[in-house]
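Chemist: What follows is each chain in one-letter form.
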Amino acid sequence: MHWNSVGEFFAMGGYALYVWGSFAMCVLIMTVEPLLVAKRNRDIQGSLRRERLADELEKS
Amino acid sequence: MNNRIIHWFKYASPQSFYPLAGKMIPWFWATAAIFGAIGLWISFFVAPTDAQQGEGYRIIFIHVPASWMSMFIYCIMAGWAGIGLALNTRLSGMMAQSLAPTGALMAFLSLWTGAFWGKPMWGAWWVWDARLTSELILFFLYIGFIALQAAIDDPRRADKAGAILALVGVVNVPIIYFSVKWWNTLHQGSTINMTKAPSMATTMLWGMLLMALCFWMYSIAVALSRVRAIILERERHTEWIKGVLN
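Protein chains in written order, with my numbering: chain G, 1 to 60; chain E, 1001 to 1246.
Don't read these hints as lab results, they were simulated from the structure.
Model, not experiment: these values are computed from the prediction.
List of simulated lysine to any residue pairs, SDA-like, C-alpha gap at most 25 Å: (1) E/K1023 x G/R49; (2) E/K1119 x G/F23; (3) E/K1023 x G/D43; (4) E/K1119 x E/F1139; (5) E/K1023 x G/R40; (6) E/K1023 x G/Q45; (7) G/K39 x E/R1090; (8) E/K1242 x G/D43; (9) E/K1242 x G/S47; (10) G/K39 x E/G1022; (11) E/K1119 x E/W1183; (12) E/K1023 x G/L48; (13) E/K1119 x G/V27; (14) G/K39 x E/K1023; (15) G/K39 x E/P1155; (16) G/K39 x E/G1144; (17) E/K1119 x G/I29; (18) G/K39 x E/L1020; (19) G/K59 x E/L1245; (20) G/K39 x E/I1146; (21) E/K1160 x E/G1144; (22) G/K39 x E/D1154; (23) E/K1242 x E/P1019; (24) G/K39 x E/A1229; (25) G/K39 x E/G1243; (26) G/K59 x E/I1241; (27) E/K1160 x G/R40; (28) E/K1160 x E/M1071; (29) E/K1119 x E/S1179; (30) E/K1023 x G/P34; (31) E/K1160 x E/L1085; (32) G/K59 x E/T1238; (33) E/K1119 x G/G14; (34) E/K1242 x E/T1089; (35) G/K39 x E/H1237; (36) E/K1242 x E/P1026; (37) G/K39 x E/L1148; (38) E/K1242 x G/R50; (39) E/K1242 x G/D55.
Go ahead and model the full structure; you've got the sequences and the hints to work with.
Modeler: What follows is the structure, given as structure tokens:
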């Protein structure tokens, strides 16, 4: 461990903007992409369920 | 022998791949989290400060894995597209389509982190350097592939058109890889060399490899998730779909 304080860690030896700018974009992408994919799955599943329900109602 | 071949191809159908993918996804998320946690710990707390670049070099821990993934995913995507073109299997096209957005994001992340690294070290966010330019072309190839497929209504025809684009674009991958050797570029030489011993501290190397594994697992998990959505979207008028939902 070579950081003496939390502030020093966040300062990144003067490279804070560049290091955290990179890691922030990485975290953003890896959070948003799975959420969008999960939504896409939910949407198609919902659509298929509604379709099935419509079919059942039509039959009865 | 015959049995074995049948067994293998069983998972080539969307119908049997859909539940299999569903079972595998949590494992890939779990391993991604584990590799990511250890990788980040090493990246920030174990790996020493770089003699030349100070703490700024720590961008390497996402820049290199993202760049690797952008190239690997492209090759795998083109491979699936090629199989789809040759064997006319349904799942192949879906796999290629599923990998493209993740690959595009990796290429984008590679360019983004590269810019944030270039600015403090070279004094410029962007230069028209061979490696940077060829990586930008890779990003455009992904975008082109996605746009082309989205523009064609019939999914099977979209697969074929996309496959040709993907296969032609593969030529760009070795160009990226060897760009630092072929041309004099501002970009530093490859971090890991197949023939020479790595020129970086062992802990740095380990951090980078663990982060690369994390990116691998992440990409597989998210691509499998997306392919499940694509399977449902494309197979919605088939009978087997009804048994999948509850």
